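A.B. asks: Numbering (my numbering) for the sequence shown: 1 to 275.
No lab work stands behind these hints, which were simulated from the structure alone.
Note that the structure is predicted; figures quoted are calculated from it, not measured.
Where a beta carbon is used, it is the ideal one built from N, C-alpha and C, also for glycine.
Treat each hint with caution, since some may be false.
Said to hold, decoys possible - Across the chosen pairs, the derived CB separations fall in these ranges:
(1) L267 <-> A190: 25 to 35 Å
(2) T256 <-> R144: 22 to 32 Å
(3) A154 <-> G188: 36 to 46 Å
(4) S269 <-> A155: 51 to 61 Å
(5) A202 <-> E260: 46 to 56 Å
(6) H182 <-> D262: 19 to 29 Å
(7) T163 <-> A14: 25 to 35 Å
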Amino acid sequence: MTTVAASLPPSIVANPMVDDWVQFTDGIVEVRSGKVELGQGVATALAQIVAEELDVDVAAIRMTAAATGVSPNEGYTAGSLSIQHSGAALRLAAAEARGLLLDAAARRWDVAPDVLTVVDGVVVAPDGRSATYWDVVDSDLLHRRVTGTAPTKAASDRRVVGTRVPRIDLPDKVAGRPRFAHDLQLPGMAYGRVVRPPSRAAALQSVDTAATLSTTGVLTVVRDGDFLAVVADREEVALTAAERLRADAVWDERATLPDESDLPTFLTSAPAVET
Numbered sequence: 001m002t003t004v005a006a007s008l009p010p011s012i013v014a015n016p017m018v019d020d021w022v023q024f025t026d027g028i029v030e031v032r033s034g035k036v037e038l039g040q041g042v043a044t045a046l047a048q049i050v051a052e053e054l055d056v057d058v059a060a061i062r063m064t065a066a067a068t069g070v071s072p073n074e075g076y077t078a079g080s081l082s083i084q085h086s087g088a089a090l091r092l093a094a095a096e097a098r099g100l101l102l103d104a105a106a107r108r109w110d111v112a113p114d115v116l117t118v119v120d121g122v123v124v125a126p127d128g129r130s131a132t133y134w135d136v137v138d139s140d141l142l143h144r145r146v147t148g149t150a151p152t153k154a155a156s157d158r159r160v161v162g163t164r165v166p167r168i169d170l171p172d173k174v175a176g177r178p179r180f181a182h183d184l185q186l187p188g189m190a191y192g193r194v195v196r197p198p199s200r201a202a203a204l205q206s207v208d209t210a211a212t213l214s215t216t217g218v219l220t221v222v223r224d225g226d227f228l229a230v231v232a233d234r235e236e237v238a239l240t241a242a243e244r245l246r247a248d249a250v251w252d253e254r255a256t257l258p259d260e261s262d263l264p265t266f267l268t269s270a271p272a273v274e275t
């Protein structure tokens, strides 16, 4: 039993081509999502959705980390919407890709697409002829719009979604491999730390920068009004220097919080916010 999407999800509308989402290379299904893995396990869940619709093993799915110029633009990763937005888009894109691949195999063998079956990425004809997805795909096959008319699997037919599979993101985290933004080391890269004011609306009166600037590895101190920061050649130097700078800064602090015993007056006297 299969279902057909009634309307296209917003992520598909914004990124309408099948190969925006899935590509087939050297026995691997490269899956692109505009959502970021933040430890919530979304990469694994999205891989399961694609594996389900394509009838391939999850191990054959390679999730490509979100990158400008490569990944579909899906806006923010927030609000617990990754499965609702990216998952819905990938389900349709994978189903469309499966249909296109079956059509290509059917043309090769001069049979109807609906007589073909797929087992772990291998398309099989009734007479035993077979070919993998990677055998029948070509550079232009998936470069077409997602129509939303390709049948997706009904919930009762799913065998991958909802099952336990190894988390894709955990090995790099456990092994401490450099895979994340804070692991980047660019040529000539410097490190900065901002010295935050001690309280709301505090004004920076003065700061003695001599000790901080004499610290080995400190490149400069930045002050712009009440903004104060330090730049260093190493992250740990920036952290230490920021603490030194904080200790040598003089701030003018004043009460900015309302009288907690008279909050109604504060709320009713607050200026109206224009909308």
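A.B. asks: Any of the earlier hints contradicted here, and which numbers?
C.D. replies: Hint check: 1, 2, 3, 5 and 6 fail, others pass.
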